[in-house]
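J.: Chain by chain, the residues run as shown.
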Amino acid sequence: MEITRRGFLKVSGAVGSGIALSGLGIDLRPVHAYADKLNKMNRVKASKQVFTVCCYCSVGCGLLCSVDKMTGKIFNIEGDADHPINEGSLCAKGAGFFDLTEANKHRLRKVLYRAPMSDKWEEKDWSFALERIARLIKDTRDAEFVTKNAKGELVNRCENIGHLGSSNVDNEECWLMSVKCRALGMVYIDHQARV
Amino acid sequence: MTNHYIDLKNSDVILIMGSNAAEHHPIAFKWILRAKEKGAKLIHVDPRYTRTSARCDYHVPLRSGTDIAFLGGMINYIMQNDRWFKDYVVNYTNASFIVSPDFKFEDGLFSGYDAQKRKYNKDTWVIEKDARGIPKRDMSLNDPRCVFQMLKTHFSRYTLDKVSSITGVSKENLTRVYEEYSATGVPDKAGTECYALGWTHHTIGSQIIRTMSIIQLLLGNMGICGGGVNALRGEPNVQGSTDHAILYNILPGYLKMPAASLDTIDKYLEKSTPVSKDPQSANYYQNYPKFFVSFLKAMFDDKATKENGFGYSWLPKLDDGAHYSLMHLFDKMLAGKVKGLFAVGTDPAVSSPNTAKVRKALEKLDWLVGENIFDNETYQFWRGPGVDPKKVKTEVFLLPASASMEKEGSQSNSGRWVQWKYKAAEAPDDAIPVGEITIKIMAAVKELYKKEPGAFPEPILNLKWDYTDIKGRYDALKVSKQINGYFLKDTVIEDKAAGTKTEFKKGQLVPTFGMLQVDGATSSGNWVMAGSFTATGENKMAKRGKDDPTGLGLYPNWSYAWPVNRRIIYNRASCDINGKPYNPKRKLLEWVGDKWVGDVPDGPWPPMADREKGKYPFIMKQDGLGALFGPGMAEGPFPEHYEPLEGPLTKNPLSGQLINPAIQIFSGEMDKTANASDKFPYVCTTYSCTEHWCSGALTRWQAWLLEAMPELYVEIGDILARDLGIRNGERVRVSSIRGAVECVAMVTKRFKPFQVEGKTVHQVGLPFNYGWLYPKDGGDSTNFLTPTVGDANTFCPEYKAFMVNVKKI
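Those sequence lines, one after another, are chains A and B.
If you use my numbering, the first sequence corresponds to residues 1 to 195, in order.
If you use my numbering, the second sequence corresponds to residues 1001 to 1809, in order.
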């Protein structure tokens, strides 16, 4: 059944009047629960389905995010029944995938900065962070850049900056970080593949 | 993985050792149970009884860190009872090679050991070659110096009595596992092994995996459906992040990081490109220069020219033999030599070994840049337990990142399936993808170097860095195509075998790595991924075809598997030398007429019975054969049992070498160890649980998961708990010589004491998912207990075997 947003609002209205009627002493809870389920089901049907891959272990289970076409928000995530590996099923972590979206109040939303000797975070904007980080990278790298090693061999290394992570980001992001580190001459480069 | 997750259903015997698959890879375990439904035997070997054990046919408890002894005993059993698969071993492995007479093994040490440097000179670890430079072979396998006989002699010391005494496994259990697993050494049976961090997290981790590889080669289980040695890896894109080499020792596509002694690209390529004189060895890495030059072209584009060695001098060079791993990084940081750190999607203040050392080291930083979706103990180290923020000079940036469903891009699973995923929603507020953060930071650095003089600016200024869309936002597709690679000029590709010529235009994508060029005519950011797009730009990673023509679950049209969409690597070894499948019931590949039918074969060549055009099956090996003798390893061409750095014994029951002779010993003030000490009498190991993931840095912030697994605990066997007067649920302190954690005691029957060298040895275990930041009172990092020491080849830290004490608080 294809449902339009208009139809969806009608279903919501029916639920509203159901609650009102319950004031007359008629137990409408089962009806209410059914309508709730229908509500969610219809919302899923009316939503945009977006394929993603689980972000925990390396099995690569497929998930479908239901995105409300009006608000652009994800309101449900479940296993992709068409996926040949997980066939719709998920483990405890995968089943809780929705709690990684912005619905989780602990998500980081702003650039945070902690000044030397300070005991707190301060909110900053991206331009402050990018400008300051670039300055620190350049000054640190320039101060102790190693052109030759103890044997006098040409090494062109930046030994005083390290890079850790991440096997928890996409391939394209990994590749960018990998070449960025090499262009800077960094050698202390490692991530979860080793730990 | 040599195979892939669904393929686990095709196995007849599944040995799960070094993994708790049911709890940590539940969906992978579904495929293991599918095998069981069809009659497969499941065996679980692990120090602890877990939910994996509960679903297996039986569980065999083994003392942490003694896996090589256990598996070495299996090799001995296979040899003594003639369980090896003769046709496979003779034709497809280096069993017949003759080892140099100078190669020796004595009292736990191979020839060439330098005790001062704790390193081997490998000059004697060589095989003999004939006048043409081809390895000498004795196909009868009777020559006492052939690999087969030397392997047999080496492991003859691993008797049932000896192995039982080292591992604490009863002789009955040993025989049962050896008997059942080695029954797969016949053409129509498949045995597979599933491991995880339970094998890699040891000072001898790589050699444990090699011992299993030797078993799989002896039994003909490599390259077949339902076979292989399968790492159930623990992170969503750890395959991809390794492929793309966010690691000190390799470049994308497993290319070697240049060493300082190789000062020109010619010297580097000569050293990195193997040569084989045997016409039947494909020696696929002879193409190495094409992959490397194409990588430099992807990095530096038209700035990389033949004249400047394609920018080889712009890459940093590692000192020969030196290592720069996470443990080395924190060692240098503690010494004040590392001033800045990026910590992207990671929480080393919880996850790195020897937490006290790591957190002290972080205080020495001038600056720290964190990128993540949640806060964690690393980013807030400056106000961690016992730290006075007013004394910490570090400038810290915590940059908000998009979660995985808030960005487009690809992820590679452990079975090498690279799957394309889509952006479902915008990230909250100021959060952006890590890719975009990386692009913006580096663009700002490039700007500074353009404006001001600075040290060695060439690689920074010459780096190709145009990976944004017209709105200036991160464009994953653009990066992905750069990783695949392009034709940089009009190029004609000639296929001599097929007698065809195909012309590609400048700007087209390279449809397979076989077409990469050595002269700079192509780029490829990572050669193993060349072919993830068609020449006209179709993204194969996004494929969702569900057809399964072999019926074996290969799903060739679902996503893209590197290399060249091959689902099971070394698959030519599933057929005999005439190309007929060893197991007609699970026909992975077959030579029909003049071509291979089935999975994408490991190269197009005919099977090796064709002495003129045929090739051996292990095409990535210089000699084309599976290596029973493996001189590439740091501690010897044959595996050998050594005790963990910290263990219950003062003497190795097999030799005079107590610990792995090739591991690096860190000897700073914070690197104490206590072997066989009365103060720390219990073996300890660490692990995860279903509800949390790694350091818990993502899962502890999720109410549902946290409620299910709220706080740190230590599992203690009921016999030990009774001796110590500890009751279930009481608070205890677990300590090693390096540090301590306080937690809840979980008294259990899942840990049983071991009988080791005539003594009773108890083992305990803790999860590693907790940290002080959140939840409050959930317990701090288990890694306060673990030592700074790692595998001799990989520097994977030892998280799985060390010594502790447990006391009631």
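Mixed in with the good hints there might be a few duds.
[To be verified] Below are the DSSO-like pairs computed for lysine-lysine, each with C-alpha atoms no more than 30 Å apart in a straight line:
id	chain 1	residue 1	chain 2	residue 2
1	B	Lys1540	A	Lys48
2	A	Lys69	B	Lys1332
3	B	Lys1122	A	Lys148
4	B	Lys1360	A	Lys120
5	B	Lys1776	A	Lys110
Hints in this document: simulated from the structure, not taken from any laboratory.
J.: If a hint holds in the structure, say so; if it does not, say that too.
T.: Verification of the hints:
no., hint, in the structure
1, B/Lys1540 / A/Lys48, "23 Å, holds"
2, A/Lys69 / B/Lys1332, "52 Å, violated"
3, B/Lys1122 / A/Lys148, "28 Å, holds"
4, B/Lys1360 / A/Lys120, "19 Å, holds"
5, B/Lys1776 / A/Lys110, "23 Å, holds"
In the structure shown, a violation is registered for the earlier hint numbered 2 alone.
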